[in-house]
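Undergrad: Make the full structure from the sequences, and use the hints.
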Amino acid sequence: MSEENQLFSPKNIKLLTDPLNDNNPVTVQVLGICSALAITVQLKPAIVMAIAVVFVLVFSNLIVSLLRNLIPNRIRIIVQLVIVASLVIIVDQVLKAYAFDVSKQLSVFVGLIITNCIIMGRLEAFALGNKPWASILDGFGNSAGYAAILVIVAFFRELLGSGKLMGYEVLGHKAKTIAESTGLYSYGYENNGFMLLSPMALVVVGLIIWIQRSKNRKLIEA
Amino acid sequence: MNTNSNAYTLTFAVIMVTVVAGLLAFTATSLKPLQDENVRNEKMQSILSTIGVDESRENAGNVYSDFIKQELTLKSDGTIDENPVVKAFNINLKNEIKKDPDEQRYPIYLAEIDGKTTYVIPLHGNGLWDSIWGYFAIDADENTIVGCVFDHAAETPGLGAEIRESWFEEQYIGEQFLKTTGDFSDNSFVSVRTVKGGSKADDKHGVDAISGGTVTSDKLTIMVEERLRRYLPYFENN
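Going down the list, the protein sequences come from chains D and V. For the first sequence, my numbering assigns the number 0 to the initial residue and increments by one for each residue that follows. For the second sequence, my numbering assigns the number 1154 to the initial residue and increments by one for each residue that follows.
Hints may contain errors.
Claimed, not checked - SDA-like, lysine to any residue: derived pairs with alpha carbons at most 25 Å apart: (1) D:LYS95 x V:LEU1163; (2) D:LYS103 x V:ALA1178; (3) D:LYS103 x V:LEU1184; (4) D:LYS95 x V:LEU1184.
What the hints assert, rightly or not - Covered stretches of chain V, going by a simulated chain D footprint (3 or more residues, C-beta under 8 Å): (5) 1172-1179; (6) 1224-1233.
By construction, these hints were calculated from the structure, which means they are not laboratory data. A quick note: this is a predicted structure, and the numbers were derived from the prediction, not measured. Even glycine gets a Cβ: it sits at the ideal position worked out from N, Cα and C.
TA: In structure tokens form, the structure reads like this:
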């Protein structure tokens, strides 16, 4: 077997793809909902948050996996927390330096990545008992599963709530009167202010779960 | 090696903490200049936005001196400190308000738009979880608030954090902190309060508080009153 086959063996591929659908951390395990509600009003902070979580989860999985035979069992949770917290602080500091506006928008939620159940869950359930490469794939798969839901929710909330995507007015410009407006707004279209409120994120996640389960029969509990 | 022994556990913890501390200290120190630059530009952007000048953060530094003509350092009796130790712009209010009142120095910014002076005063206080701060632009009548920006470090998103939103800030525009313009006595000074349940439309000294953000709203009222009171002697002298 060539090395590439070993790296991307069917078992490893499954680690990567499973969390995207069958075992999605948000829609199936219902973890990390708090941040999914809070930072999905616009696409940009959602994408940054997604990247931050991918970074933190991949690296914390990798580090914990490398140290898995060295970590004293009695303080393993503390060790995991220290690793996650350090990575999160690094992300926070980098954002403050290079993406100041986004870091203000995300505010406390960057810090709350530390307590994101997805991360501690993967460290405890996977990285502590598996080799580094598998842990990286698992971390990437799970955080990508989380990221995908985040971005989908943010896409619909920003589009329907404020008529924009990434801050661009994709539906046309809304002026004070219909006559001055362009695009869809010139036909009297109105943004749905409800989409900007947190509960709508939950409704959108609910709709995603509905669609996912109607397509994927094995998720339906008997 | 027995990874369950006390000695091993302790050694592991000590090594881990040292490595992590070193790594974080390095990251924080090396990014500090960039972060400070951002904070400085944002401060200029905030000051400019209270007087109605909307600039991007990057550009705020360039146009700042076109609008802000004077930065003064005030003593607690309202007189101007001619030889301040720290320049007005660099005063850290957070540390300043902890000092002995006689030693405190308050910055005030004088903006000039169309020949009319507008005063910009910085605010700083404690919110529910961490600091809250902001800027008031005060009209030449030394009573009416013409612009307002608030910000916070860690108030609850969706609740207390709403103080940063424009719907909340805009309420302050047109409010007055004195009952009688030009009378700076205690009888006349009423500040601008956040009113739980909503302020009356004709109330010149109150704005709607935030539902679910009562503690932040109350702390904001305290901050506004405390800071405005400090500037009364200065306004009285001018």
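Undergrad: Determine for every hint whether it applies to the structure shown.
TA: Status of the hints after comparison with the structure:
1. A threshold of 25 Å between alpha carbons decides the hint, and for D:LYS95 with V:LEU1163 the separation of about 34 Å lies outside it, so the pair is violated.
2. Note on D:LYS103 and V:ALA1178: the hinted pairing holds, with a Cα-Cα distance of about 22 Å set against a maximum of 25 Å.
3. Pair hint D:LYS103 plus V:LEU1184 holds up; C-alpha atoms about 16 Å apart against a cutoff of 25 Å.
4. Of the pairs offered as hints, the one joining D:LYS95 and V:LEU1184 holds, with about 9 Å between alpha carbons and a cut-off of 25 Å not exceeded.
5. Coverage of the stretch 1172-1179 of chain V by chain D holds. Counting CB-CB distances below 8 Å, 3 residues qualify, and the rule asks for three or more.
6. Under a criterion of three residues with beta carbons nearer than 8 Å to beta carbons of chain D, the stated coverage of the stretch 1224-1233 of chain V fails, only 0 such residues being counted.
Of the numbered hints listed earlier, those contradicted by the structure are 1 and 6.
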